[in-house]
Each structure stands twice: as C-alpha cells, then as structure tokens.
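Visitor: Residue-level listing of the chains:
Number of protein chains: 2
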Amino acid sequence: MDKKIIGIDLGGTTAKFAILTMDGEIQQKWSIDTNILDEGSHIVPEIVESINHRLNLYNMTSEDFIGIGMGTPGSVDLEKGTVIGAYNLNWATLQPVKELIEKGTKIPFALDNDANVAALGERWKGAGENDPDVIFITLGTGVGGGIIAEGKLLHGTAGCAGEVGHVTVDPNGFECTCGKRGCLETVSSATGVVRVARHLAEEYVGDSKIKALLDDGEEVTSKDIFEYAQAEDPFALMVVDKVCFYLGLACGNLGNTLNPSSIVLGGGVSAAGEFLRSRVENYFKEFTFPQVRNSTKIKLAELGNEAGVIGAASLALQFDK
Amino acid sequence: MDKKIIGIDLGGTTAKFAILTMDGEIQQKWSIDTNILDEGSHIVPEIVESINHRLNLYNMTSEDFIGIGMGTPGSVDLEKGTVIGAYNLNWATLQPVKELIEKGTKIPFALDNDANVAALGERWKGAGENDPDVIFITLGTGVGGGIIAEGKLLHGTAGCAGEVGHVTVDPNGFECTCGKRGCLETVSSATGVVRVARHLAEEYVGDSKIKALLDDGEEVTSKDIFEYAQAEDPFALMVVDKVCFYLGLACGNLGNTLNPSSIVLGGGVSAAGEFLRSRVENYFKEFTFPQVRNSTKIKLAELGNEAGVIGAASLALQFDK
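Protein sequences appear in the order of chains A and B. Residue numbers for the first sequence follow the numbering used here, beginning at -7 and rising by one. Residue numbers for the second sequence follow the numbering used here, beginning at -7 and rising by one.
Please note that the accuracy of each hint is not assured.
Note that identical chains are pooled: a pair holds if it fits in a single copy or bridges any two copies.
What the hints assert, rightly or not - Taking lysine-lysine and the DSBU-like style, the derived pairs with C-alpha atoms no more than 35 Å apart in a straight line are:
id : residue 1 : residue 2
1  : LYS277    : LYS72
2  : LYS95     : LYS(-4)
3  : LYS234    : LYS289
4  : LYS289    : LYS144
5  : LYS144    : LYS72
6  : LYS8      : LYS(-5)
7  : LYS95     : LYS21
8  : LYS291    : LYS201
9  : LYS215    : LYS291
10 : LYS277    : LYS95
11 : LYS201    : LYS277
Worth flagging that the hints you see were computed from the coordinates, not collected in a lab. These figures come from a predicted structure and were not determined experimentally.
Could you build all of it, start to finish, from the sequences and the hints given here?
Guide: Here's what the structure looks like:
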C-alpha cells in the first residue's frame, strides 16, 4: 500500500483531521472538539488519542504514514515544533507540540501557522494550481495570509511573512489592534467592512435600507452589506466599492512586489464570490504595472474549510525521503 | 588552486568584470566600454574576447573556473539564457547570450537582471550579512530592487518580482512612465525627488534658497536638495521628509509582507547616507506592526558599484557540483 499523510487543522472550536494520499486526495476525515480547559493542556493528548483511535479503526499503523502536518494558531517555532501565544487555545506558555505528538503516535510531525497552512492547501490542490508563486489572503474575522514564492512558503526573519492584514492601505486610516493605522484588516475583515459602512454612513445622504439599519443601531454584518449591494442598494454598493479599492490596492502592491501567478481570496468575506473578485480585480488592474497586470490573476479560493487539512498534510511531504 | 568565479555587470556605458574566490573575495577586476553600435551586436563578442584575453594574461584557463554570472538590463529568460528589450544596449531583438558566452569561453554561464544581481551582491557580501531574507532597493535614475526570501532570489511568474519602483504609494499621485499613478519611482528616484520639490514649491511660501532656484528655472538635482536639507533649508527639509514618508511607507509594506532581516537602500539617492536612512526608518516604524518593527532593519548598501559584479558572480555558484 502506498504511504499516506495526515493533516490537522487546529482551531479554537474544533480540530479537523484528514488522511490523504501523497497526491493530496482526502481518503478519510473527522474532527473533534477542541478542549481548551486547564490552559489547553488536554489539546495535544486528545489529538494523539484521536489519531491512534482512528488508525486502529482503519487497521493502519504508524508505518503506513510518511508524516503528520498541522496548522495552528499562535506563534510557531518551526524547527523546535513548539507553539506559544495561541490565546484562543489558552496556550499562553510554550507548548512542545512536536515532541508530544511524535512520542504519542511514532509518526514524524511538522507544523506551521494556520494561515500559512491554508495558503499551502490552496496552492497545492486549490486555486493556486500548484504554481511556484501563489499568495493566499483570508478575509475573515481578521485578515491573514500566506506567501509561496519560488515553490517555498515564506516565513521571514521573525515568522511574520504573509501578514498581509497589516499592510498599510491608508496612512490616515482607522486604528488597528496591532497599534498602527490604516491596516488592510481594518477595512476588509468582516468587522472592517462594517467599520467602513459606519464611517461612510456619517456622510451619505441618499436613500438606503442598509444605511437606515445602521443609523437605527441594528446589528449589521459584512454579509448583510454584500447582500444589499448585490440587490443594488446604492449605499451598500459604495461600501463594497471602498472595500474593494483597498483590497485592490493591497493586492496590486503584492503583485508589483512578488508577481505571483495568482492571488487567492478566501475566508468568510470571500463568500461574496465573483461579485467581490471582479471588483477587486478592477482596482488591482488600476494599481499594477502592465507586465504584472497581464500575468498575475485574482482568484477565489476553491477548497473552503478543507484548505487547512490539505495544506497541513503537505507539510508532512518533507519527511518523504 | 581553488576554483574561481567570474562576475560581469553589463551596463549601457561600461561592462565591469571581476574574478572572485568562491567566498566572494574579488581578486582581479577590470572593465571595458560597452559598444552599442550595430544593434549591440559587438557586446557579447567583446565580452568573450575580454575574458579570454584576461585569462591568458593571468595564466588561467576555463578549467580554473566554476562558472560566469552576469547582470544585464532588459528582460531575461533565465533558463534559456537570453535577453530581450535592453534598450540602452540597443538590444531590441532576442540575444542568445548564454549560448555565445559558453561557446566563446568554455565556461558555464548564468544571468539575471541587473537589479536582482545587485540585490544578490548586497545580500551575500554587503549589508545583507548573507541572511536568508533580504530586500534591496536601488534609488537611481529609476527605482529598482531585488528580493531574496528563504535564501532564494524571487522572480515571480513573469520575472517582475522585486519591481518595487512600481509599488503604489499614492493612489492619486504623479503619473509614472509605466502608465499608472503614484509609483514609488515617481517620488523617490533622483528625478522623483526633484518632482516632489517642484510640486511642493507651488504652495510653499517661506524663505528658501533651493525654492528660489526652482522658481528661477535653474537646474536642481536630487543631490542639491539633500545638501540644502542637511544645511537645514526648511523647504528642502520638507521635500526630504515627503520623500522619506513614501520610502518609509513602501519599506513598511515590504516589511509587513515579507519580514526580511534587512531592507537595504542603495543607488545614487542613497548617497545622502544616514540622513536619509534614519528618516526612512522613522516612517518605516510608523507603518509596520510591532513584530516587524522589531525584527526588520533599514540599512544602507555597503558595496556601491561592486554589488553588481559580486552578485553576478554568485550566480555561478550554482555550477559548483
């Protein structure tokens, strides 16, 4: 039997698992709740237990696997295989994840942060078409990303490469949780879209149902704004245009700097689909020079939730000797 | 005797040559005029002749060399070793450079574009300290650059990676020769600095010698503006501050995206030295999030003119088997 790889996508609510072929085809998948009690001390033991239980169920042993890869929140030390500062897991102190998982499963283990792992997934089996140069941007509660260039995932000197959510798109813009101003995240995350709407609502005088909801203090989501925009609410269209301007500027500068074959948009906000993509692309074209405009594509993510386990599993390919 | 490498920095006026050890120490260097007559058809034959002449002079043969590397203007096809569209060399049509040089010297040959090669040089033996993640920006007649990430020079899907001169720093800014607006090059190249000065002069009402020169239609250079600024001319200081704001914004976003250990500033404008660097760094800090601010350094280039031959020679190391 050909050897397999395991991918784990660890989040604050669930840990997703998959067994894949070395070509990246998912053969089995399952998930467990993430137990963050007791400073997250149950998380790794429960991951080990779940893997061993499943291998037993499928009549497999550690010998059947090349390795395990995992994506995790927090700051990752790639070489040591440790994680620190993953607050949604209650991991405030250093966690020797690699050591514990290798000991518990007898399978080689590698990890990286969740946004990087999702980027690897979309690049390998999704919109990235396994090209050597792909950028992935996830537009969710926050904005994160990962960069693959010349076939390698980039980390930078302190592990911050790919943190495109903190690219400055407006030097005089909104304050960000990171402490500086005008980060992409402040205007294109799910909360950022609503922030842009509230800001523009102060000056907008036309007729708009969504503006009326905002003015009435109703809870309005990014999804609502995109839905009203697709129904041609003029104020919502203005908000979407502004959000896409900032995304197009950021994507344009990523293109001008790195010239990937594709910049892939994923995460909750990207559920707006082609409506979002085409508008980002229009601004992208305005902000790129001709050779980049003609060679770098703006795409939608294709793997959804599975990007994490697939990309995580791809980390295990390094153990294939 | 240990084997050597040859670096060539081909420009529109001269071609610089150096013989280096495999550690990057220059042992011999010379240069020849670039003869761009007859559609640049003499350039490659004269490079071959010059190398063979020198090897003869130094009692060396092709056997003494690992390889030759060259930096060139124009669009480079790395695999084929061809160049096209190098207009300052009169190379409008495809030039089979690798084929001709390997045939004429019997030494393996590789090439890349001039900005990338200078980046490799500064990274290897200059301010980059041979770190795996280094960005080089050259502020000259134009603004170019090169990016090394995870130890690899980045090219992108159409060879445009590192074209930081065309990063948009002001969506409503000056028109650029590339066709779009607000490129870094329009405000921080040698001509860009003067453009910023002329623009600000329209509104500045205070007393300033350099503004008076501009208003009188005198020819003013970027160097003049930096000299007046260092002599505390208030208008010149305002121009320099604006230029450094844009450079700091661009460097900040390179930092937020790639988190290199250093961003190295070179080229003619960087002759302003620490006066420039410290001001760019101040804005860089304003436009980066804390982990990048604390790990990515803004530095001045150290190799000057030699960055090209040193970086070019480093391309030849790929032939060391």
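Visitor: It remains to establish, for every hint, whether it holds in the given structure.
Guide: Results for each hint:
1. LYS277 / LYS72: between (42 Å within a copy, 30 Å between copies)
2. LYS95 / LYS(-4): within (19 Å within a copy, 48 Å between copies)
3. LYS234 / LYS289: Both, since 21 Å and 33 Å are each at most 35 Å.
4. LYS289 / LYS144: Answer is both: 19 Å inside a copy and 23 Å across each meet the 35 Å cutoff.
5. LYS144 / LYS72: both (19 Å within a copy, 23 Å between copies)
6. LYS8 / LYS(-5): within (20 Å within a copy, 53 Å between copies)
7. LYS95 / LYS21: within (23 Å within a copy, 57 Å between copies)
8. LYS291 / LYS201: within (31 Å within a copy, 52 Å between copies)
9. LYS215 / LYS291: Within one copy, since 19 Å is at most 35 Å while 44 Å is not.
10. LYS277 / LYS95: Neither. Shortest intra-copy (51 Å) and inter-copy (43 Å) distances fail the 35 Å Cα cut-off.
11. LYS201 / LYS277: Answer is within: at 31 Å inside a copy they meet the 35 Å cutoff, but 42 Å across does not.
In terms of the numbered hints stated before, the structure departs from hint 10 and from no other.
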